[in-house]
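Protein chains: 2
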Amino acid sequence: MKRREFLKAASVGVVGSAAVAAPAIAQSAPTVRWRMASSFPKTLDLLYGAGEVLSKAVAELTDGKFQIQVFAAGEIVPGLQALDATQNNVVEICHTAAYYYVGKNPAWALGTHIPFGLNTRQQNAWAYHGEGKDLLAEFFRKAGVVGLPAGNTGCQMGGWFRKELKSVEDLKGLKFRMSGLGGQIIAKLGGVPQQIGPADIYPALERGTIDAAEFSGPHDDERLGLFRVAPFYYYPGWWDGTSMEHFFINNDQWEKLPKAYQAALTTAAGLVNVDTVARYDVLNPPALRRLVEKGTQLRPFPQEMVAAAYKAAMELYSDLSKTNPDFKKLYDSMRKFQLESNPWYQASEYSYDSVMLRNVKG
Amino acid sequence: MKRREFLKAASVGVVGSAAVAAPAIAQSAPTVRWRMASSFPKTLDLLYGAGEVLSKAVAELTDGKFQIQVFAAGEIVPGLQALDATQNNVVEICHTAAYYYVGKNPAWALGTHIPFGLNTRQQNAWAYHGEGKDLLAEFFRKAGVVGLPAGNTGCQMGGWFRKELKSVEDLKGLKFRMSGLGGQIIAKLGGVPQQIGPADIYPALERGTIDAAEFSGPHDDERLGLFRVAPFYYYPGWWDGTSMEHFFINNDQWEKLPKAYQAALTTAAGLVNVDTVARYDVLNPPALRRLVEKGTQLRPFPQEMVAAAYKAAMELYSDLSKTNPDFKKLYDSMRKFQLESNPWYQASEYSYDSVMLRNVKG
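Respectively, the protein sequence lines represent chains D and W.
Residues in the first sequence are numbered from 73 upward in steps of one, following the working numbering.
Residues in the second sequence are numbered from 73 upward in steps of one, following the working numbering.
Calculated directly from the structure, the hints in this document are not laboratory data.
What you were told as hints is all true, and nothing was included just to trick you.
Where chains are identical, the list cannot tell them apart; a pair therefore holds if satisfied intra-copy or between any two copies.
With a straight-line Cα cutoff of 30 Å, these simulated DSSO-like cross-link-like pairs (lysine-lysine) come out:
1) K260 x K433
2) K408 x K433
3) K394 x K176
4) K366 x K408
5) K394 x K433
6) K383 x K238
7) K366 x K238
8) K433 x K238
9) K433 x K400
10) K366 x K235
11) K205 x K433
12) K366 x K247
13) K128 x K205
Using the sequences provided together with the hints, build the complete structure.
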């Protein structure tokens with residue numbers, strides 16, 4: 073076929089579909105409609121909202137051709153089954169925290185945070201440009217998904233307690249709502265970790281079915297109303313020194329996407345990551361002030377309790393590393409980065425923050 | 073015209089251009105070629121590289137239709153005239169730090185950082201979702217540009233000194249390479265601030281034309297070789313507690329872009345922002361270790377010197393606020409956010425970092 077004829081034939085093909093379907097849209101930009109299962113209810117506006125931010129950005133980037141509809145926890149599957157639904161192709165994408173899936177394999181926790189792990193800056197560094205990038209990608213790929221970091225609450229609080237904590241002894245028998253590996257550490261210290269979904273924390277704490285509950289930080293916790301039934305609010309959340317969420321995408325669905333749509337997801341997830349932290353950092357400070365005004369009593373954990381928890385955590389990680397090669401590989405890399413990073417962090421960010429917190433007080 | 077006839081006529085229009093120009097490309101995705109003036113030389117691989125990261129992401133998002141070519145400092149205009157070149161439409165976009173332009177108006181500094189201002193997390197919060205978002209957009213718009221946050225070095229170091237600092241007295245007459253408002257504070261303390269471009273710092277420090285120089289952090293500073301001619305490396309960089317870069321885009325060029333291309337810039341800039349910090353956080357720790365191994369002596373600034381600098385900074389901001397309404401508006405908002413944010417920051421990030429730096433040592 074001569075070039076002129078080929079062009080004519082090709083153009084006819086373009087006309088045919090363009091005229092019927094969408095005149096201004098290219099063949100390389102097909103209409104794609106996905107469903108996202110969020111692990112979060114709409115009441116947690118920033119966590120649930122991160123899915124909406126991605127959806128909006130992806131639609132704008134593709135002139136509305138790539139549409140992702142976000143479903144709150146429970147609308148398609150329960151919140152803690154968002155990953156399963158993605159693996160099984162019930163949905164193409166989910167928004168969740170990897171550490172919700174420690175029941176499948178404790179190594180999932182390293183995608184989000186483990187107690188006494190990296191802070192938010194360090195977790196981003198390790199996951200975007202450190203060894204964590206390839207190691208996590210490989211671990212996720214084996215599980216049938218592509219993972220994109222997708223927002224973060226920043227360091228969380230240590231939770232709500234009905235009674236004040238004086239020493240490690242006060243953890244004995246304490247029924248404490250806590251998820252992930254933190255629960256195993258609390259158990260080592262004599263506590264009784266409880267797995268309870270966000271919506272059920274308030275009534276359990278009110279009735280005294282549990283004695284304490286951790287969830288997130290001031291903005292999220294205020295929305296759950298926990299301050300009404302437990303006056304003591306402890307810090308820092310050593311089991312949630314950061315909390316990196318992920319978008320997980322079914323491997324096969326990812327492969328089917330045009331390159332530009334893969335780029336739309338990857339790039340928009342980057343925006344979501346910085347955007348979500350910024351939202352939390354704007355909304356947490358006034359929420360904390362309101363909570364204190366309403367009678368919440370802020371308390372630091374007793375230092376000996378933190379030290380005991382740290383020791384228990386190191387024992388747990390040592391044990392897990394002996395039997396779980398996935399965990400060992402991710403943990404060793406994370407720990408190496410932490411040891412390398414801390415001296416620089418101390419000289420720079422921590423040292424600057426020390427100056428500022430000493431000088432600037434509200 | 074009846075609907076069917078309209079569709080037919082419209083489709084003919086699409087055919088005409090599609091067949092000739094680019095069969096698979098939509099009318100809504102025109103070819104756009106822009107030039108970006110970077111303020112940074114290629115030796116500063118992460119700062120210069122942030123422009124490349126944006127360029128690559130935007131090309132991927134638009135199937136290669138929106139091309140941005142990055143030019144290093146000096147290739148089109150000198151590094152510190154990148155903003156001017158954008159305002160004058162010599163280039164459509166630049167990558168720079170707003171505080172390079174305090175000579176135009178000290179208020180530009182608030183886009184990047186002022187001494188004793190916000191840390192990186194807080195600056196992002198204020199600029200993405202705090203009052204800073206609208207205030208900065210208005211200030212930039214009046215200057216003829218749209219500004220998108222675009223990477224950050226994180227907290228910088230306090231610089232390289234040929235002699236050890238014992239007290240504030242040691243600043244008297246000290247010839248110190250320093251840019252932005254920090255120079256005015258050093259001058260209040262008796263120092264002699266010097267404006268010197270990155271490439272000329274090393275020879276000036278070697279010959280003793282200057283006594284000290286600040287530039288960035290370990291990764292960037294190592295590349296400039298400053299450790300060879302000044303043994304004392306001080307922290308923290310109280311004049312650069314964060315350093316938010318921006319992409320500035322000529323207002324008229326921005327308005328001419330299709331919405332999807334505006335979205336490509338905005339979204340990709342978000343990725344650049346988190347990505348650049350992650351790169352620094354991966355590369356600074358080993359750079360600091362190498363510097364120390366080569367004989368660099370790490371020193372914290374004497375506390376009384378930091379206190380004197382803080383006092384001088386507050387005086388400077390008070391004076392500027394009296395005569396410069398742009399500065400006052402941005403400064404008051406930033407300061408209010410800082411005062412609100414610090415108590416939460418202390419309970420969460422700082423408290424967690426304190427635990428981790430105490431327990432995890434390399």
